[in-house]
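> Listed below, chain by chain, are the residues.
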Amino acid sequence: MDWMLIAELAVNGVFVGLMYALVSLGMVLIYKTSGIANLAQGAIAMTGGYVAWVLLAGLGAPVWLAIPGALVGMFAFGMLIERVALRRMIGQPVIMTIMLTLGIEIMLRGLLPGVFGASVKRLDIGIPQAPLFVADLLINRATLIGGGISLVLIVASLIFFNSRFGVVMRAVADDQTASWSVGIRVERAIAVAWGLGAVAATAAGILWGSTQGVDWSLSLLLIKALAIAILGGLDSIGGVLIAGVIVGVAESLATGVVDPLVGGGTRDIVAAVIILATLLFKPHGLFGREHIERV
Amino acid sequence: MALLSLNNIEVAYDQVFLAVRGVSIEVPERGLVALLGANGAGKSTVLKSISGLLKPERGAVNRGEITFDGRSILAIDPPDRVRLGIVHVLEGRRVFGHLTPRENLIAAATMHRDRGHVSALIDRMFQTFPRLAERAKAKAGYLSGGEQQMLAIARALMTEPRLLMLDEPSLGLAPFLVDEIFDIIRAINERDGVAVLLVEQNATAALEIAHSGYLIENGRILMGGTADVLRSNPDVADAYLGGHQKVDYHAVKHYRRRKRWLA
Numbered sequence: 001m002d003w004m005l006i007a008e009l010a011v012n013g014v015f016v017g018l019m020y021a022l023v024s025l026g027m028v029l030i031y032k033t034s035g036i037a038n039l040a041q042g043a044i045a046m047t048g049g050y051v052a053w054v055l056l057a058g059l060g061a062p063v064w065l066a067i068p069g070a071l072v073g074m075f076a077f078g079m080l081i082e083r084v085a086l087r088r089m090i091g092q093p094v095i096m097t098i099m100l101t102l103g104i105e106i107m108l109r110g111l112l113p114g115v116f117g118a119s120v121k122r123l124d125i126g127i128p129q130a131p132l133f134v135a136d137l138l139i140n141r142a143t144l145i146g147g148g149i150s151l152v153l154i155v156a157s158l159i160f161f162n163s164r165f166g167v168v169m170r171a172v173a174d175d176q177t178a179s180w181s182v183g184i185r186v187e188r189a190i191a192v193a194w195g196l197g198a199v200a201a202t203a204a205g206i207l208w209g210s211t212q213g214v215d216w217s218l219s220l221l222l223i224k225a226l227a228i229a230i231l232g233g234l235d236s237i238g239g240v241l242i243a244g245v246i247v248g249v250a251e252s253l254a255t256g257v258v259d260p261l262v263g264g265g266t267r268d269i270v271a272a273v274i275i276l277a278t279l280l281f282k283p284h285g286l287f288g289r290e291h292i293e294r295v
Numbered sequence: 001m002a003l004l005s006l007n008n009i010e011v012a013y014d015q016v017f018l019a020v021r022g023v024s025i026e027v028p029e030r031g032l033v034a035l036l037g038a039n040g041a042g043k044s045t046v047l048k049s050i051s052g053l054l055k056p057e058r059g060a061v062n063r064g065e066i067t068f069d070g071r072s073i074l075a076i077d078p079p080d081r082v083r084l085g086i087v088h089v090l091e092g093r094r095v096f097g098h099l100t101p102r103e104n105l106i107a108a109a110t111m112h113r114d115r116g117h118v119s120a121l122i123d124r125m126f127q128t129f130p131r132l133a134e135r136a137k138a139k140a141g142y143l144s145g146g147e148q149q150m151l152a153i154a155r156a157l158m159t160e161p162r163l164l165m166l167d168e169p170s171l172g173l174a175p176f177l178v179d180e181i182f183d184i185i186r187a188i189n190e191r192d193g194v195a196v197l198l199v200e201q202n203a204t205a206a207l208e209i210a211h212s213g214y215l216i217e218n219g220r221i222l223m224g225g226t227a228d229v230l231r232s233n234p235d236v237a238d239a240y241l242g243g244h245q246k247v248d249y250h251a252v253k254h255y256r257r258r259k260r261w262l263a
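Going line by line, the protein sequences match chains A and B. Counting along the first sequence from 1, when you hit position 248 you're at 248 in the working numbering, and nothing is skipped either side. Counting along the second sequence from 1, when you hit position 87 you're at 87 in the working numbering, and nothing is skipped either side.
Simulated from the structure, these hints should not be mistaken for lab results. Just to be clear, a hint being listed does not mean it is correct.
Facing chain A, a subset of chain B residues (Cβ under 7 Å, in silico) [claimed, not checked]:
no. : residue
1   : 75
2   : 79
3   : 88
4   : 97
The beta carbon of each residue, even a glycine, is placed where N, CA and C say it ideally should be.
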């Protein structure tokens, strides 16, 4: 066994995992405020990638303008989804709302490649592709930068949830009626959560789009994001961080170590196995919020 | 003129179930009014119609008028009613269990833009409720029932209300805690001049602090008057205050006493 190879796989896995975690960060933001698991997160990441591509390649905007433009536009898009679709579902069973988000996912997956063509779009945001050598480890520069940006965004949202507005959003997650009774504008808090969720997804969509190109397969990030969110506990941002690293490293090791033995294809199984194992053995995830019950 | 007045309101859930019919009550400025009645009489429904919280339960005011400070509030949504000065402490406390007491108070201060003002309010709440200050770092879900009730009241006061509506603040509390909570309610009313509308099943405790009261049964107001009048009414005494004199159970006749409610 080549220990250098394993170390290299693990290090790259950490950064890839952080980039996955960015997608599930959006799911956690939305779950924390409204209690709804957003299954449209993968397609929203893909949409973000397409928007950035349109601004960069289609309209010829410079990178420093195109990326903030895409983030702002997708913030509005997230709030629009909440306003147009989710708000009508207030008072309906949760399963209907979750099915609705899944429907949005499927619709976007079909709609955007239909409009812009199914070919892979190149998204160049100026990250050099040349690999980086640290000691003897070969590190993918794009995932290193992507992972770093993800880490910054995840930590930023941790800080955000302790700010005044963040406290209000947590209050909404706890008890919507009680929030109304003390004058919190519940709908607005949920809309902002959707906006921020879409921003996190877009950041992930742009980072992944710059490494593998923009096409419908970006929306497959949903499965990884779901695995991370479930393992981390759906409502814990710290959990996303750690679960993201676990999933990233596990995938990376599976590709490097198990693939040669079984002939490949284990990468996509890892996420599914993690979802299954978490739900079987620790349904609240590693850091899921305990259900407080006074006796 | 009355601060809050309900004029002949009718509330139905799901457009079908009539919970409250023809209720008219008034709360004067700086008044402390009790709304008494048994389970299911419609007390909580009246409070929800005032705070606007009927909507999540698919209830609606079908008829009548609610005015606060001279203006009709039926078309205003709940967060804006809070900004007018109406706050509703829900039955069963409903604190934000995963937030600390301090965060509970911060969450209720969305209407105040000035940070300094918010922290001054929080300090004032911790002075009024020293038990909360002691447990400022614990999650609110792990506080005792009495502490949670104090937190729920403090959280409502963060909105700087002109009318504080309390739904069964004595629910599930030990008698000495009930006294403590009611003392606090009286203090808020007298010191800060906040009008209070108090819904209670514990009629004895409520009539001790209230200036006036209403009796509600089956969604109708049966009688209203000053606290003294209600206390001295023999029907109220029998049905809600546990009777005034000892009853000789040998002499009790087993037919149901008709309530005539002659006020």
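> Compare the structure with the hints numbered earlier in the document and write down the numbers of the violated ones, lowest to highest.
1
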